[in-house]
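Please work from the sequences and hints to get the whole structure.
Start counting at 1 in the sequence shown, then tack on 6, and there's your number in our numbering.
The set of hints was computed from the structure by calculation and includes no laboratory data. Quick reminder that beta carbons are idealized off the backbone N, C-alpha and C, glycines included. There may be inaccurate statements among the hints.
[Claimed, not checked] Subject to a maximum C-alpha distance of 25 Å in a straight line, what follows is the list of computed PhoX-like cross-link-like pairs (lysine-lysine):
1. Lys244 with Lys22
2. Lys178 with Lys244
3. Lys171 with Lys22
4. Lys225 with Lys211
5. Lys211 with Lys244
6. Lys134 with Lys150
7. Lys171 with Lys244
8. Lys178 with Lys150
9. Lys150 with Lys22
[As the list claims (entries may be wrong)] Distance ranges between label pairs, derived from CB positions:
10. His146 with Glu85: 40 to 48 Å
11. Ala40 with Glu85: 27 to 35 Å
12. Ala111 with Ser301: 43 to 51 Å
13. Arg282 with Ile126: 17 to 25 Å
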Amino acid sequence: MRIAQVAPLSESVPPKGYGGTERVVSWLTEELVASGHDVTLFASGGSQTSARFVPCSRAALRLDPECQDPLPHHVLMVERVAEAAQNFDVIHFHIDYLHFQLSRAKDLCQVSTLHGRLDIPDLVPLFKEFPEMPLVSISHAQRKPLNWASWVGNVYHGLPADLFKPQYSPEKYLAFLGRMSREKRPDRAIEIAIRLGIPLKMAAKVDRADRDYFEREIKGLLNHHLIEFIGEIDESQKQDFLGNATACLMPIDWPEPFGLTMIESMACGTPVIAFRDGSVPEIITDGRNGFIVDSVEEAVEAVARISSISRRDCRCEFETRFTAARMAADYLRIYETQVCSSASEQDLAIQD
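This is the structure in structure tokens:
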């Protein structure tokens with residue numbers, strides 16, 4: 007099958023450091039190429055891929071000091087994709103709704119995976135205007151605010167089975183991996199560790215949008231002797247960071263669309279203690295690959311009984327449910343449905 011993958015331009019594919027969507031696009035692209043499909047990747051300059059590559063910006067826009075507005079770059083990328091549309095059986099967009107107008111005008115055979123939160127009132131009139139756009143969610147919880155939209159599938163993220171190795175003899179520390187943002191609640195992670203008297207290692211980036219929150223509410227908390235702020239880490243550093251942890255804390259306070267950290271931890275054999283929000287109950291099987299909690303008090307109690315979780319079960323849950331091979335197979339079924347649907351519509355148009 008001839009497939010186009012269209013990635014956001016904020017990060018390279020895969021990202022050099024933090025970056026969930028672009029990392030997923032990379033894993034999916036590589037799996038599709040390995041399966042024998044003809045894949046073209048539209049992404050930022052600096053990306054690395056086995057697919058045919060079309061760079062659509064000089065570099066990852068987040069890291070480009072000369073980029074003041076990412077939107078023009080994305081508009082131009084969508085135009086380039088549309089110009090080459092006849093070369094593809096299906097186009098897979100990962101850039102939210104930026105292509106909707108052009109996809110309608112050109113009647114593109116395409117599908118959009120939505121990677122962000124959808125509980126934003128401004129989105130309602132937009133998706134009602136484009137009811138024909140085929141959408142894929144990354145968790146069933148994510149789609150609830152727009153459950154009437156044109157969902158054609160739900161595909162959980164997956165990562166390569168050999169990317170991380172399980173570690174069955176961890177050290178005694180807790181891990182926090184992600185962004186230093188209000189919705190990720192690093193303050194909760196710090197409170198949990200201090201209450202338990204267990205070291206906490208924090209590998210997190212500080213975006214410009216989160217800089218004020220970090221400076222006002224988090225920076226001062228990092229002075230505690232139990233807290234080690236590592237900063238942003240890359241893929242190669244996650245093996246030791248997650249694999250050696252007693253548990254990974256995910257004390258979120260927002261409707262998490264997926265939460266890649268959870269399956270990265272599971273791949274390392276590390277159980278996850280996560281607050282009950284968004285996708286968490288779909289990813290974590292309470293008592294098997296981690297614990298689902300509703301408060302800091304419950305999280306503290308969960309860490310105290312983390313030894314009841316089998317790290318081998320965590321790895322097994324990952325291998326069963328969250329590999330890149332499974333993710334690619336799920337998407338291929340959706341692509342085939344979209345191609346057949348598009349062909350049927352064309353046949354009907356010819357008959358009319």
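Flag every earlier hint the structure violates by its number, smallest first. 8, 9, 10
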